[in-house]
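S.K.: Whenever a hint applies, use it, and build me the whole structure from the sequences.
Protein sequences appear in the order of chains E and U.
The opening position of the first sequence corresponds to residue 25 in this note's numbering, with each subsequent residue numbered one higher.
The opening position of the second sequence corresponds to residue 25 in this note's numbering, with each subsequent residue numbered one higher.
These aren't lab readings, by the way, just hints derived from the structure by calculation.
Misleading hints may appear alongside valid ones.
Copies of the same chain look alike in the list, so a pair counts if it fits in one copy or across any two.
[Said to hold, decoys possible] In silico DSSO-like pairs for lysine-lysine, Cα to Cα no more than 30 Å straight-line:
{"#": "1", "residue 1": "Lys-137", "residue 2": "Lys-297"}
{"#": "2", "residue 1": "Lys-63", "residue 2": "Lys-176"}
{"#": "3", "residue 1": "Lys-345", "residue 2": "Lys-176"}
{"#": "4", "residue 1": "Lys-406", "residue 2": "Lys-137"}
{"#": "5", "residue 1": "Lys-176", "residue 2": "Lys-85"}
{"#": "6", "residue 1": "Lys-176", "residue 2": "Lys-67"}
{"#": "7", "residue 1": "Lys-281", "residue 2": "Lys-50"}
{"#": "8", "residue 1": "Lys-345", "residue 2": "Lys-29"}
{"#": "9", "residue 1": "Lys-62", "residue 2": "Lys-297"}
{"#": "10", "residue 1": "Lys-435", "residue 2": "Lys-345"}
{"#": "11", "residue 1": "Lys-407", "residue 2": "Lys-395"}
{"#": "12", "residue 1": "Lys-345", "residue 2": "Lys-357"}
{"#": "13", "residue 1": "Lys-62", "residue 2": "Lys-85"}
{"#": "14", "residue 1": "Lys-77", "residue 2": "Lys-407"}
{"#": "15", "residue 1": "Lys-345", "residue 2": "Lys-76"}
{"#": "16", "residue 1": "Lys-248", "residue 2": "Lys-425"}
2 protein chains.
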Amino acid sequence: MSAAKDLVIGLAGLGTVGSGLVQLLKSNASEIEQRTGKKIIVKYVAVRDVNKKRDLPEGAKLIDNPLLMIEDPEVQVIVELIGGTNLAGTLIRKALENGKSVVTANKALLAEKGEELFTLAEENNLFLAYEASVAGAIPVVQTIKDSLAGNKIHNIFGILNGTSNYILSEMSANGTQFDEALKRAQELGFAEADPTLDIDGFDAAHKLKLLVRLAWGVHYPYDKVSIQGIRNMSAMDIAFAQSLGYTIKLLGQAEYKNNEIEAGVSPVLIPAKAILSRVDGAFNAIHINGNAVGPLFLHGLGAGSLPTASAVLGDIMSIMKNIYDTTGYVTKKFPLAPIANIDNSVSPWYLRLMVHDTVGVLRDVAGIFAKQSISIAQVIQKKQQEDGVPLVFMTHETTVKAMKNALAEIKATNILNAEPVAFRVLELA
Amino acid sequence: MSAAKDLVIGLAGLGTVGSGLVQLLKSNASEIEQRTGKKIIVKYVAVRDVNKKRDLPEGAKLIDNPLLMIEDPEVQVIVELIGGTNLAGTLIRKALENGKSVVTANKALLAEKGEELFTLAEENNLFLAYEASVAGAIPVVQTIKDSLAGNKIHNIFGILNGTSNYILSEMSANGTQFDEALKRAQELGFAEADPTLDIDGFDAAHKLKLLVRLAWGVHYPYDKVSIQGIRNMSAMDIAFAQSLGYTIKLLGQAEYKNNEIEAGVSPVLIPAKAILSRVDGAFNAIHINGNAVGPLFLHGLGAGSLPTASAVLGDIMSIMKNIYDTTGYVTKKFPLAPIANIDNSVSPWYLRLMVHDTVGVLRDVAGIFAKQSISIAQVIQKKQQEDGVPLVFMTHETTVKAMKNALAEIKATNILNAEPVAFRVLELA
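M.R.: And the structure:
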């Protein structure tokens, strides 16, 4: 281990996100080194019960008091993933007082008691990074902080709580009542045994408060955010909304208008045609409107072990770049890409032929497909048009090479009235 | 002007994006200073014709040879917005050789001749920033470079050319033929007089090459990207695709598989239900899948004066943060937000009442609405259910206060069988 070469971190908490981070540090070590020229060394892992068996990063010391990490001058960054507000708050404060930057996913702490900590970080010119606190894997903090730094933000709104969104999606798709949808969410691990934070809107309000802070550079006290959850949502209202052309979503909304800021969380009817209505299940999504950027929309996983750890790791690497003053990739000259032969690429295909209306055409084409092992999923034959009979095929997965061969063979016959049209098909969820 | 305090830049090019940047530097000066503690001073503006009348930033010198800016040691960052590959390439090379970071929107230059320039930047530990080159206002470069830095990227695909997407959207929505849709795009300023770069897929391929470079840290030569444009797109194929449940989009797609990378641009059928199918008009959108982040989707304006300038400005400010070693907002303690009174907030409302089935109920409710100046857009009355008759209203825009008052008055009558349900409505495009 060498602090001169590597980044040394202390990790507090080995729950869902902490374990995800440990897993990523191992599986993605080559990507990390490629981009930073350094390794990330976990010197300490602090957990409540040091006797429980765990997968630890190589060489990490297991401790039960996270505050011990602060005293080690070799530790450069503290990663706080224990949650709660007491010990976590103390840990972050002491880390910042001792010259260590902090990465955290603790939205409740930052939203309710964060101002002192943010100020402390700024005063010491340290990072208090919290991408993972807002909308999990979606890079909304970095987007507002850096990419949109030169914008006047008009408003921000979105789906900030995956649990509520899962329940509302379930109710919308299947006409399920709230209690049943909640139970299902709990069985699938999308909701906690005590779902209060999620379904009563508090979690979304924590995130909204942090977004308001970032977008407008102000302290909007968490207890001033107006909050209405979805606990009493009725299947009847979801059905009425649908019949009127709307979807009900739990939205966090913040707007800057007439030199004032309004921020609230509540169930809102949005047009079924809007892209936000398409945000289903445990996904999160955020609209940001700025005077330069226009409308921007970000969509991704709002929770989960690896997605949240992805955001934590991104923050750690940004801090590394700052500490070691690198610009991104450290490779001076990029190696040539290993280029795949597109002939081997596999997908379904759409194919339209304009053929003479003669007996046996379909048989001939089908024969050529069979010869190339191309399996047909659908066929449409339409009636005679000006330039022939359109014959449309959707194939199952096949290679570019097989399709090229088939097209060449079809062209070599005498059945075509026009150039064939062939497009690939991308099946998406 | 003080180089110790402010950031001094030289701007080459005052076309669509350059003018947008000048406009933003003026209109958003307070946001820039709030986040960086500094001003951005444009010391030079280089244009082809110095005799033409122009809106210049205060104090800027108009010059016709952009290379002159390189020789001024006070200039810290060169912003290259002249386009083309010859002079622009020379300008960027000389800037990097002389210790100046560069911000550019020049995708063609970077995609076709960028490797030498990127290497030069890395060798000198300078920034060659190009967020504006790929998908305009969408922060995809920063997302891949920083937020997803710790990910193994599986694939990237998306709509990278707004002109083509506008044409395909137009053809899909109205059954328009290609030539007519192109003409319309040209009339509206979405397509150039010579649309080759856009409709033949070259522009999307430039962007894709840059994304591949960034995602996998490799040089994927631009001429190895397989390219098929939309020039011969037929309204018939769009109609067939629709009848099969698909939308045709011009996609850039790159995938890392079996240690090889495949990259191509082509028209592709995607399911009409997919969120990507909803990307209409001149918008761009990008899906990124990584082993930690999972699926991430970004959507925004891919071109235009202010959106592209927004990305340029974000890059300039990121470089400032690096030069002056600041972490984000420079305010140590954030001021209290000016909190809007939510009672004055205006929106349409959804309201459901469960009422007794008696004569005059609708009249009574309508009377209360009229008294509060709430205008009704739609009413649904359904037949008797177990707990009463559901009476559903969609109102036109009204304040929270008026709705609260109306609800209080309705509750004070004797018509309700259950608590009323009231949600706000958000109208979205």
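S.K.: Are the hints correct? Go through all of them and say.
M.R.: Tested hints:
In this assembly of identical chains, Lys-137 and Lys-297 lie within 30 Å of each other by CA distance neither inside one copy nor across copies; the values are 39 Å within and 42 Å between. Taking the shortest Cα distances, Lys-63 and Lys-176 sit within 30 Å of each other only across copies (16 Å), while inside one copy they are farther apart (38 Å). In this assembly of identical chains, the alpha carbons of Lys-345 and Lys-176 lie at most 30 Å apart whether taken from the same copy (27 Å) or from different copies (19 Å). Neither within a single protomer nor between protomers do Lys-406 and Lys-137 lie at most 30 Å apart by alpha-carbon distance, with minima of 67 Å and 48 Å respectively.
Taking CA atoms no more than 30 Å apart as the test, Lys-176 paired with Lys-85 passes between copies only; the shortest distance there is 27 Å, against 46 Å inside one copy. For a Cα distance limit of 30 Å, the shortest separation of Lys-176 from Lys-67 across copies, 24 Å, qualifies, whereas the shortest one inside one copy, 42 Å, does not. Taking the closest pair of Cα atoms, Lys-281 and Lys-50 come within 30 Å of each other only across two copies (20 Å); inside a single copy the shortest separation is 47 Å, beyond that limit. Proximity of Lys-345 and Lys-29 under a CA criterion of 30 Å is satisfied in both settings, with 13 Å inside one chain copy and 23 Å between copies.
When the C-alpha separation of Lys-62 and Lys-297 is checked against a cutoff of 30 Å, the pair qualifies neither within a copy, at 47 Å, nor between copies, at 43 Å. When the C-alpha separation of Lys-435 and Lys-345 is checked against a cutoff of 30 Å, the pair qualifies neither within a copy, at 56 Å, nor between copies, at 60 Å. For a Cα distance limit of 30 Å, the shortest separation of Lys-407 from Lys-395 inside one copy, 27 Å, qualifies, whereas the shortest one across copies, 62 Å, does not. Taking the closest pair of Cα atoms, Lys-345 and Lys-357 come within 30 Å of each other both inside a single copy (19 Å) and across two copies (25 Å).
Proximity of Lys-62 and Lys-85 under a CA criterion of 30 Å is satisfied intra-copy only: 20 Å inside one chain copy versus 43 Å between copies. With identical chains, the CA atoms of Lys-77 and Lys-407 are never at most 30 Å apart, being 70 Å at best within one copy and 61 Å at best between copies. In this assembly of identical chains, the alpha carbons of Lys-345 and Lys-76 never lie at most 30 Å apart, being 35 Å within a copy and 43 Å across copies at closest. Only between protomers do Lys-248 and Lys-425 lie at most 30 Å apart by alpha-carbon distance; the minimum there is 17 Å, versus 62 Å within a single protomer.
In the structure shown, a violation is registered for the earlier hints numbered 1, 4, 9, 10, 14 and 15, in ascending order.
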